[in-house]
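J.: Whenever a hint applies, use it, and build me the whole structure from the sequences.
2 protein chains.
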Amino acid sequence: MRPIEDYVSRMSGADSGAMNAAKRLQDTLTKPQGSLGKLEDISIRLAGIYGVPRPSIGRKAVFTMAADHGVTAEGVSAYPQEVTRQMVLNFASGGAAINVLSRHVGAEVKVVDMGVATSEDWPEGIVNRKVGMGTEDMAKGPAMTVDEAKTCLEVGAELAAQSIQDGVNALAIGDMGIGNTTAASAITATVSGRAPSEVTGRGTGIDDSRLRTKVSVIESALRVNAPDPSDGLDVLSKVGGFEIGGMAGVLIGAASSRVPVFLDGFVTSSAALIASVICPESVDFMIASHLSIEPGHEYALAHLDLEPVLNLHMRLGEGTGAVLALDIADASCKVLAEMATFDGAGVSGECE
Amino acid sequence: MRPIEDYVSRMSGADSGAMNAAKRLQDTLTKPQGSLGKLEDISIRLAGIYGVPRPSIGRKAVFTMAADHGVTAEGVSAYPQEVTRQMVLNFASGGAAINVLSRHVGAEVKVVDMGVATSEDWPEGIVNRKVGMGTEDMAKGPAMTVDEAKTCLEVGAELAAQSIQDGVNALAIGDMGIGNTTAASAITATVSGRAPSEVTGRGTGIDDSRLRTKVSVIESALRVNAPDPSDGLDVLSKVGGFEIGGMAGVLIGAASSRVPVFLDGFVTSSAALIASVICPESVDFMIASHLSIEPGHEYALAHLDLEPVLNLHMRLGEGTGAVLALDIADASCKVLAEMATFDGAGVSGECE
Numbered sequence: 001m002r003p004i005e006d007y008v009s010r011m012s013g014a015d016s017g018a019m020n021a022a023k024r025l026q027d028t029l030t031k032p033q034g035s036l037g038k039l040e041d042i043s044i045r046l047a048g049i050y051g052v053p054r055p056s057i058g059r060k061a062v063f064t065m066a067a068d069h070g071v072t073a074e075g076v077s078a079y080p081q082e083v084t085r086q087m088v089l090n091f092a093s094g095g096a097a098i099n100v101l102s103r104h105v106g107a108e109v110k111v112v113d114m115g116v117a118t119s120e121d122w123p124e125g126i127v128n129r130k131v132g133m134g135t136e137d138m139a140k141g142p143a144m145t146v147d148e149a150k151t152c153l154e155v156g157a158e159l160a161a162q163s164i165q166d167g168v169n170a171l172a173i174g175d176m177g178i179g180n181t182t183a184a185s186a187i188t189a190t191v192s193g194r195a196p197s198e199v200t201g202r203g204t205g206i207d208d209s210r211l212r213t214k215v216s217v218i219e220s221a222l223r224v225n226a227p228d229p230s231d232g233l234d235v236l237s238k239v240g241g242f243e244i245g246g247m248a249g250v251l252i253g254a255a256s257s258r259v260p261v262f263l264d265g266f267v268t269s270s271a272a273l274i275a276s277v278i279c280p281e282s283v284d285f286m287i288a289s290h291l292s293i294e295p296g297h298e299y300a301l302a303h304l305d306l307e308p309v310l311n312l313h314m315r316l317g318e319g320t321g322a323v324l325a326l327d328i329a330d331a332s333c334k335v336l337a338e339m340a341t342f343d344g345a346g347v348s349g350e351c352e
Numbered sequence: 001m002r003p004i005e006d007y008v009s010r011m012s013g014a015d016s017g018a019m020n021a022a023k024r025l026q027d028t029l030t031k032p033q034g035s036l037g038k039l040e041d042i043s044i045r046l047a048g049i050y051g052v053p054r055p056s057i058g059r060k061a062v063f064t065m066a067a068d069h070g071v072t073a074e075g076v077s078a079y080p081q082e083v084t085r086q087m088v089l090n091f092a093s094g095g096a097a098i099n100v101l102s103r104h105v106g107a108e109v110k111v112v113d114m115g116v117a118t119s120e121d122w123p124e125g126i127v128n129r130k131v132g133m134g135t136e137d138m139a140k141g142p143a144m145t146v147d148e149a150k151t152c153l154e155v156g157a158e159l160a161a162q163s164i165q166d167g168v169n170a171l172a173i174g175d176m177g178i179g180n181t182t183a184a185s186a187i188t189a190t191v192s193g194r195a196p197s198e199v200t201g202r203g204t205g206i207d208d209s210r211l212r213t214k215v216s217v218i219e220s221a222l223r224v225n226a227p228d229p230s231d232g233l234d235v236l237s238k239v240g241g242f243e244i245g246g247m248a249g250v251l252i253g254a255a256s257s258r259v260p261v262f263l264d265g266f267v268t269s270s271a272a273l274i275a276s277v278i279c280p281e282s283v284d285f286m287i288a289s290h291l292s293i294e295p296g297h298e299y300a301l302a303h304l305d306l307e308p309v310l311n312l313h314m315r316l317g318e319g320t321g322a323v324l325a326l327d328i329a330d331a332s333c334k335v336l337a338e339m340a341t342f343d344g345a346g347v348s349g350e351c352e
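Protein chains in written order, with the numbering used here: chain R, 1 to 352; chain L, 1 to 352.
All the pointers check out, no bait thrown in.
From the derived model, a few chain R residues whose C-beta atoms are all more than 10 Å from chain L:
1. 59
2. 121
3. 220
Okay, the calculated bits of chain L under chain R, using three or more residues with CB under 8 Å as the criterion:
4. 23-34
5. 333-342
Treat the hints as calculated values from the structure; they're not laboratory data. Every residue, glycine too, gets a C-beta built ideally from N, C-alpha and C.
T.: What follows is the structure in C-alpha cells.
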C-alpha cells in the first residue's frame, strides 16, 4: 500500500477561480439571486472541489465501514457487540436503511470490514480489509497500535483511490460499530478541546445511568492515554476505531484526487477531525450532510467550519444522511447545468 | 364545476389506526427506534393520509400556479409584472428551477395560468384556467370578487381531482406571481393575527425602503378591506390572489381524495391558511416541505402546526422546495416497505 504521506503531499485546496465562476453563473440563472439558498452554496463548493464552473455528479458510492470496539466491555452501549457482525450480514443482504436509501438515490454501497470481531467468511459483496479483531479497551490503554492506525488510513485511502479509478466521482462515508460513538466522543473532546460531558450523547439510545458511565469511561480513556490533539495518528491509535481510521483514510484519499466526500453523522465527523489534523486541506473536500442529534456532532462540525445541508433529526449512521445529501448535491449541480439564463429565456431582471 | 362545498363535505381526517400500525412497524426495523428522525415521522403521517400501514408514493406531480397582482402598482416588488408571463414561458420550455428539480425527482410539472395579465395564447403544456387578467390593487379595495374567489377554489379542486383520477398519488404546489408575497403577508397577518410588519419580508429581494412601502401597503389593504379571519373566502377575495386561490383549491380537492399535498414556501403556506379556515381537516393532508427565509412562513406554519422537513434557506417558490421534500418522503416510504426487521435479519435487539 502507498504510504498516507503520498496522498497528503499531493493535496491542494479548493479552486477559488472555479468557485467564483460558478457564483457568477448562478447569478445569471432565471431566479432571484441567492434564492436557492444552500443549493447554490453546494454547487459552488463542488465547483471548487472539481475545479470546473459547472460541476456534475456522476457515479456515486458510499463506503460503509464496520469494526468492533473493545470499550464495549465497559457497558457503554444499548446493544451487544455481536450486532456489528449481524448488521454487516444485513448490509450484505440489502435489508438495512443504507441499502434502501442508496437504492433510492442511485448510489453503490461498499461495505468494508475494517475490524469486526469475527473470523467468519463474509458473503460476497463485503470487502474484508480487517486490521484487527476489534480494538482494545481504550479505558485501559491505547485502542490500537500506531502501525494499525496507519494501516487503517492507508486502506481507506487506497479504497477511495480504487473506486475513483473505477469511475466513481462522488463519495459518502458511513459507519457501523457498536460502541463507536464512545470513540467519536473521545476524539471530538481531544481535537475540539471540549469536555467529554459536552460531546457525549446517547448513541443508539442509552439511559441516564449508562450515559454517566459512558462519560466517565471517556474521561478515563483520555486520562490513561493522553492523546496529543496536534497528532492525528496519535489520537486515532489511542481513542479511535478501525472504521474511524478507514473513513479518515477515505477522506484523505478522495481529497488528494479532488473528489468530494459527504460526511454522515457524529462518528464520520470524528473521522473528519482526524483527517483534518493530519491534512487540513482535506476539509475543503468534505461536505457536511446532516446534523445528528448526538450533541458532539455540532461541536465537531463547528471545529471543521462546516455547515450541514440537512437536519432530519437522524442518528443512525451507516451513511444514511450522507446519501440523502449526495442526492441534493446532485440536484444542485443540475440547477447550474440546466437552468435557463435571464438573457437566454428573455426574462427581465430586477427593476432599476 | 363541482361546488367547493362538495369536496369539503366528504372530508375526514388522518387515519390514526394506520398511523399506529406504521409506528409499530417502524419499531421492528433494523435500526435503533426513532433513529431515522423525520423520515420516520413523514412515513407515519403518510400512513395516516393514505390509510395504510405501508404507504407508497407512486406518480408525483407539482401544480405550479401563476397569476398577476394589481398591488404591484404600489411598487412592492423588485421585478416588473411582466416577469410572471415571461416565467410561464420559461416553465413551458423547461428552463426554470422547478423544471430541473422536478426532472431530478421524477415529478410532472403542471403549469396553470390562474390569472396572468396577458391575453396571449400559451404554448402547449400550459393549462389556461384564467380567472381574470390579474387581481385588482388590494390597497384600494378587494383583490377579486367573491365569485372569482370561489372559482379559483373550484378550478384548483377540479385540477387536483382530475390528476388523481389520472393516477397521480402525491401532489406538490408552487407559485409564480410578481407581487404575491404581498398577498401572502396580508393573508398571514389576517389569519394568524400577527402584525404586517412581523410577517412581511423581502420577497424576490427588495431593499429597506421598498420593504417599508410593502408593509404600509399591506396595512392599508387590511384597513380598507377588513377581511374576516373566520371566513376563508372573504380573506381570499379581499387580499388574496388567483394562484393562491387555485392552490387552496388543490389542497381541498386532494384532501377530499386522501392524497397528500407538499407545500412549498411562504406563498403556498398562505394558500394553506385559506384552506385551513374553509376546511380544518385539510391540514391533515398537508406536508410542510421546507422553511423559507421569508419571515411570515414560520408564523404561517406555526399556525397550521406543521413542521418543515427541510431548511435549505430557499425563497424561490415555483414548488422547488416541495419537490425536494416529495423525494425525501418517497425515500421514507421505501424505508418502511423495504427494510429488514430485527427478527427477519437475525439482529439482536437492545440489551435488557
